[in-house]
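K.L.:
Residue numbers for the sequence shown follow the numbering used here, so the first one is 6 and each next one is one higher.
Hints were generated in silico from the structure; no laboratory data involved.
Source: prediction; values computed, not measured.
Misleading hints may appear alongside valid ones.
[Unchecked claim] Beta-carbon label-pair distances, calculated as ranges:
| # | residue 1 | residue 2 | range |
| --- | --- | --- | --- |
| 1 | T507 | G120 | 36 to 42 Å |
| 2 | R193 | V114 | 48 to 54 Å |
| 3 | D636 | R186 | 44 to 50 Å |
| 4 | A84 | L204 | 27 to 33 Å |
| 5 | S431 | V114 | 23 to 29 Å |
| 6 | A378 | R280 | 43 to 49 Å |
| 7 | T188 | D636 | 56 to 62 Å |
| 8 | D570 | Q621 | 52 to 58 Å |
| 9 | C94 | I201 | 24 to 30 Å |
By construction, the Cβ of each residue, glycine as well, lies at the ideal position given by its N, Cα and C atoms.
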Amino acid sequence: MHRLSIVDGMTQLHQVSRTPATLSPGARIPALDGLRGLAVAAVLLFHAGGISGGFLGVDLFFALSGYLITDLLLREAAATGTVSLTAFCQRRIRRLAPALVVVLVIATVVVWAAGMTDLWSSALSDGPWVQLNLVNWHLIGESAGYWDRFGADRLFGHLWSIAVEEQFYLLWPVAVLLLVRRTARVSRTVALLAVIVSLASLALMVLLVGDGDTTRVYTGTDTRAFSLMLGALAATEPARNLLRRITGRLAGAVCAVLLAGIAMSWLLVDGETSRGLFHGGLFAHSLAAAALVALCAQAPENTVASMLGTPSLRWLGLISYSLYLWHWPVFLVLTPERLGVSGWLWATLVCAVSICLAALSRRFVEDPVRFRAGWARGRTGIAVFAAVMAALALLWVVVPRPAAQTVDPGALASPGTVSTSGPRMSKVLFMGDSIAAGQALPLAAAMKAAGVGFTSIAADGGGGVVGPLAETTWQTLPATLETVRPDVVIYQVTTYDWGTETEQRTGYQRLADAATGIGATTVFVTMPPIVPDEFYSPHMPDLGRTASVAQKIAEESAGRVIVLDSAEVWGPDFQRERDGKADRSSDGIHTCPHGAARFTTWLMTQLTARFSGVGQADPATWANTGWAADDRFKGC
């Protein structure tokens, strides 16, 4: 699943234009509430599987926050000649902290009490970083792939952009204050700074994105700064002067075009495959969002702005902050498996629960602290905030961590007979997708116990050798073969090996030839049975052909290619449990520690019977060496 986050900025502006629709100080702009409601609806639909580009709603929130916060700072500077950082921070804390703390505490306690070990473990790992407003960098450091379809879901993974916004709240007011002290033309200088930071951020995204996973550039504060800075730019006087020329029907027409373009991108874009997003696409979307926000604020009488200000969208916008905080934990706890329903019925139920919790949070947590609690202001408020933060920090220590998963060596087959003939196997290169990456963990331990060198290049979301999807593999494989110089190359047939029979044969033959070129034997291990979802279902006929294609190549290889049938381990069909233990993951694709250990025992038996130089690897020597506690097995 993918994770997003939003922070609800203020939709109140002071006087924003000289048009006939001028707003009085403190007036609330209905259209901006409506935009927030539209964006959070898109995000929920994205997470529910409804629209592929709904994650772009977060860019609209970034643009809103950049615009509204900058407008607030510039108005304060114009009125008072300075910016009060203390007052600004206190307002932000009263607005954001109460609901966030409540969600962190309740969600953590619920998954702990319910024994949901994967979510429980991730909460204790990520929670302190959420509290420090650095969780986006923590997730990047943990190599938590944002687009990994089968990565372990993290209870607070959606809070990455709250961290981005909080970092913006810490740095941007300071920058504006410094400019206020140095120049009389504050708004123009802020505009120039926003342009410079936006372009630098875009350049950094293009520079860092590469050809692999885009998590670093999607969730990094530096590479996402342009989404906030373009909103900030739209709040400055130069941008306002330009937009003042767009009035009346023209304003409505421009807003309609911008909104239509944004909506179409939400429907058509896919974050996993739309690489253009990271070469200017996100920048263009953020620019359109910033322009739409500014026009709705400056010309609130236009038709589109009036439509966005409808009561239902406004109400959704008013609860959007709490709605986003709650919806992801709700989605993860109330899964289709636990509720016994799926599809749109499941989506409707979890969205309804999320909306109810958000409404309660707004009514009983957010508004009382923000507007009515005298103790939340001044020195008392600072003391209360410090006490709450200390108590929250204690939570991450008091809640016990789940016990690490272990494997019973006695439940595994005994090691096979060691061969004294056949090709020598002193070094192994292991290849495959994320299934293989999980199996590589016990394999590495078993190979070490057997005295065999082991290198794994199994890759999440790829690792195959067939067709266009294999380009990344072929970019690095020749150099890897020369560096490792393995005796045996083991290729776990991947769930991405779809294509025509010709494409499959070409890819497999190319792998066999590359291995033969350095004197290595190629071992194909057939793909384990999976439960195909809507992503894999169209490709199952192609995947069902992979074993026979590999077998034909083996028959023509004069013994340089071997095919091992993993059905000897898994059986013909997907089976979640064996011997009362979780064998395969609940995602219908991956393996659990028990299954990975059974696979390792079987594969080591097959290899020791065919290759010389391999010592016996009794499961007792490798089954519980720590690999079973790896995050890959969360969800088992």
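K.L.:
Now look at each hint and say whether the structure bears it out.
P.N.:
Here's how the hints hold up against the structure:
The hint said 36 to 42 Å for the Cβ distance between T507 and G120, and at roughly 49 Å that hint is violated. Take R193 and V114: their Cβ atoms lie about 51 Å apart, and the range 48 to 54 Å holds. Checked against the hint of 44 to 50 Å, the C-beta distance between D636 and R186 comes to roughly 47 Å, which is consistent with it. Between A84 and L204, the C-beta spacing of about 31 Å keeps the proposed range 27 to 33 Å intact.
For S431 and V114, the Cβ-Cβ distance of about 52 Å falls outside the hinted range of 23 to 29 Å, so the restraint is violated. For the hinted restraint 43 to 49 Å between A378 and R280, the CB-CB distance of approximately 48 Å keeps it satisfied. A hinted range of 56 to 62 Å is violated for the C-beta pair T188 and D636, which are about 49 Å apart. Under the hint 52 to 58 Å, the C-beta atoms of D570 and Q621, about 23 Å apart, miss the expected range.
Taken as a hint, the range 24 to 30 Å holds for the pair C94 and I201, whose Cβ atoms sit roughly 25 Å apart.
In terms of the numbered hints stated before, the structure departs from hints 1, 5, 7, 8, listed from lowest to highest.
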